[in-house]
Each structure stands twice: as C-alpha cells, then as structure tokens.
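Working from the sequences, and respecting the hints, build out all of it.
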Amino acid sequence: MDNVVTVSDLALVFAEAIGGGNSPNGSTTTFDYYIQTFIANIFHDEAFDGKIDFQDSYEILAYLQGVSSDNTTYITYKGRAIQSGGNESTFGTIDENGSYFAGIDATFKPTDSNKSFNFVHALMGDVNFSHSWEPDTEGTAIPTSQQANASVARMSMAAGSKFSGTAEEANLDLTSELKDGLVEFTIGSQVEEMIGAQFNIIYDRTRLVLDNVIFDTGNTMTNFSNHIEEDGKINIGSFDQNFEATVKTGTPYKLIFTPIVQLQNTSGLITFKVNEGVKADGTQINFIME
Amino acid sequence: MKKVLLLLSVFLLVGCMDDDIISPIDDIVEVPESLQIEDVQGLKVESTIVSDEVRMNIKLPYTGTYRVKIRDISKNLVSQEKLDANEGDNILKVYVSSLENNGYTLELTDDNHDIIGIASIVVNN
Numbered sequence: 001m002d003n004v005v006t007v008s009d010l011a012l013v014f015a016e017a018i019g020g021g022n023s024p025n026g027s028t029t030t031f032d033y034y035i036q037t038f039i040a041n042i043f044h045d046e047a048f049d050g051k052i053d054f055q056d057s058y059e060i061l062a063y064l065q066g067v068s069s070d071n072t073t074y075i076t077y078k079g080r081a082i083q084s085g086g087n088e089s090t091f092g093t094i095d096e097n098g099s100y101f102a103g104i105d106a107t108f109k110p111t112d113s114n115k116s117f118n119f120v121h122a123l124m125g126d127v128n129f130s131h132s133w134e135p136d137t138e139g140t141a142i143p144t145s146q147q148a149n150a151s152v153a154r155m156s157m158a159a160g161s162k163f164s165g166t167a168e169e170a171n172l173d174l175t176s177e178l179k180d181g182l183v184e185f186t187i188g189s190q191v192e193e194m195i196g197a198q199f200n201i202i203y204d205r206t207r208l209v210l211d212n213v214i215f216d217t218g219n220t221m222t223n224f225s226n227h228i229e230e231d232g233k234i235n236i237g238s239f240d241q242n243f244e245a246t247v248k249t250g251t252p253y254k255l256i257f258t259p260i261v262q263l264q265n266t267s268g269l270i271t272f273k274v275n276e277g278v279k280a281d282g283t284q285i286n287f288i289m290e
Numbered sequence: 001m002k003k004v005l006l007l008l009s010v011f012l013l014v015g016c017m018d019d020d021i022i023s024p025i026d027d028i029v030e031v032p033e034s035l036q037i038e039d040v041q042g043l044k045v046e047s048t049i050v051s052d053e054v055r056m057n058i059k060l061p062y063t064g065t066y067r068v069k070i071r072d073i074s075k076n077l078v079s080q081e082k083l084d085a086n087e088g089d090n091i092l093k094v095y096v097s098s099l100e101n102n103g104y105t106l107e108l109t110d111d112n113h114d115i116i117g118i119a120s121i122v123v124n125n
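Same order as they appear, the protein sequences are chains A and B. Taking this note's numbering, the leading residue of the first sequence gets 1, the next gets one more, and so forth. Taking this note's numbering, the leading residue of the second sequence gets 1, the next gets one more, and so forth.
Since the hints were derived computationally from the structure, they do not count as laboratory data. Just to be clear, a hint being listed does not mean it is correct.
[To be verified] Simulated restraints, written as ranges between beta carbons of each label pair:
hint, chain 1, residue 1, chain 2, residue 2, range
1, A, Thr249, B, Asn102, 32 to 42 Å
2, A, Lys115, B, Thr105, 22 to 32 Å
3, B, Thr105, A, Ala106, 33 to 43 Å
[Stated by the list, open to error] Derived DSS-like pairs (lysine-lysine); straight-line CA-CA distance at most 30 Å:
hint, chain 1, residue 1, chain 2, residue 2
4, A, Lys254, B, Lys93
5, B, Lys93, A, Lys109
6, B, Lys93, B, Lys75
7, B, Lys75, A, Lys248
8, A, Lys109, A, Lys254
9, A, Lys179, A, Lys254
10, A, Lys51, B, Lys75
Quick reminder that beta carbons are idealized off the backbone N, C-alpha and C, glycines included.
In structure tokens form, the structure reads like this:
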C-alpha cells in the first residue's frame, strides 16, 4: 500500500490544480475520467467538495516527503487503504447533477438470466490507476471537449494524461557497493526531460544503518525523502511543481549506509520496488534496469 | 653450539622474509565442496531454500568489476551489487532479509551486463 500514491499521481493532481480544477461538469479538466476527481480529492474543504486545488497537491507532496499533516486527508498507504468500489457497470459514472455517488453502487440482484456481477474498486490518491481499476465502461470518460489544452490551462500537462498506454521506458543503473567500509547505493540516470522521479527502497535494517541521502538533482528541484526506519524503507525522489526544471542526469541520488555487522559484499542488502518518473507532458516513465 | 647457532640463523632468516612472499598463500580460497564449480567461471549458491543469508561462490575468468543481480519471478531487477573481485573462486554472501518470500534468480554478469552465471533461490524468511 505504500506504493499506491507516488510522484506520478502528484504530477496529475498538480496539473489539475494548475490548469483544470473544475467540478465534474465544469468547463475544463486535465483528467480523462470523472472518477479521477473523486480519487484526487484527498483533502476536503467540506464534505466531499469535488474541488482539486493546491491543497490536494501539497498534501500529497507532504505525504511523499514524510511530513505529517494536521489535516485529515484521504491518502492510501500501508495500514490505511481508503477505497471505494461498486458495480463495474456504473462505477465511475456521474448523474445529471455531476455526483459520483450515484455510480458507487454495490447492490446487485441476481436473476435467472443474470447471475454474474463484476465489482471494481479505486484507492484514494491513486489518480493514475496504478493500483485501481481504470474505467472502460460507457459514461466514465470525460469528453475531449471538456479537457483542458495547454494554452487554456497555462500548463504543460497534456490533456488526457493517464497511467497506462502512454508510458515511456528508460534505462537506469541502481547499484549497491562496498566502499571504504560503507555501503553506497547509487542511482545513475541518463534520463532527460524528467520533472519528477521516485524510488522506493528497502534495506536490511539488521545489518545497515542509513547515514545520509545525497541529492544532486539540480538547483531548482524539490527533493523528498521519507525514511520509515522501523520498516527499513526509504522513499526518495524529486518533483518540480512548475513543470519546468528537470532531474539532472548523472548520479542524482546516493544513499550512504554504515554496516553494523562485518560485510564482505552487499548482494541483497538493498532492494528497490517503485521506480518511476514523469515528464512535463504527464507521460509516465517506466524505468528499465538491465 | 654450532647446531644452536644454525637453528638461530634459520629462525632469523624466516623472520626477515618479506611478507609479500607469504601473501599468495593467503589468497588461496578454500572452497567448500558444496560451492565448488568445475567450469572456469560460474555462480553457485550453497542452498536453494534461503532464509536470512546464503553463501555463494562466484568463479571469475579474470580480476575485475562484476555485478550480482537479483531478479524476481517476472524477471524484474530488484537488487544489484557492483563489486571488484579476483580471478577464480570468491566466496561471498547473498542477504535475503529485505526480500519478500518468493522465487528469485541470481545473475552474475561482467560490468557490461554479459551473463557469466545463473542460480535460483527461494526465499523463505
């Protein structure tokens, strides 16, 4: 569950806050589906307000940075799966008033001719559907005429950006190495035009202690690191909320660990799970490691 | 008396020998039978079912920089070590505490990602 909400979701919410930010039947939006507004609305000014604004995006950024928020938010993470679900035939649709709740219906009535029902779900904050059902039924997609274009929305996120279908692939080099008695974990990248990146790393806390996180991502990037020591996890990454600066190539991220036992090598001590980046037009970059 | 002097001379001679002459003996790696590799190069683990850690032998064609990669059942890379190692047998360890219980493939490659050896493990922490 700690891998559900990532920098790619953050980019989509920021883009919507900058350029769309309208209710489901509003004039423009950067989202593809009505239900994305529901999923992205992780901070409620009032009981589900349906407004995607900077408060939502900054709450996600704070979550990725490991900063505790005093606000009640609806972000999914380990031990806190906030989900909504219902019949596939209606889930994600809206009624004539623009309400999502009409479509969130989990009741069903078997008949002699219909005994099979599909149920789907969405996790709050998972705007790119990485761990949720991506709608594909009638009435769930926002018409293109309602989607913002770059000039109208004053931002560079492409209208209709979403998790699947548009992802690009790029090579990265993630390695651990024993150097001068310390264990260095480096992330080498030659990926250009990346305005956001995230890496969820797990280390063997019975053998290693995290000493330092070194960022060399460029001067204007907002970097984050969320260290969950009791689980031996650290999520690191960067994001430029102006969608302009890009993560520097070379070795943008380096983690330094001190061994607490004698080590001859480091195989398996550090593992990685989520590795993703996002470009200014919202394209997700799926990293490939040789 | 002559015998005592001769014995003393031998001790002095051995005591003054350069350490470098002795060091190659230290470099000889004792390889347990369970980790012996007949080929000139390869990768072998001591046990397939692993909890916490397992010994492995990486037998190399020449001294240089190599990589030990761990891939999950979908072939995704989940961990990678870069190390400098000597020609011949190198007895090292794979630590699995931070891996989820599942099957994994270990890959030994050179620094250009060309595969030298492969082994499978099942993590059961």
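- Task: Sort out which numbered hints this structure fails and list those numbers smallest first.
- Result: 2, 5, 8, 10
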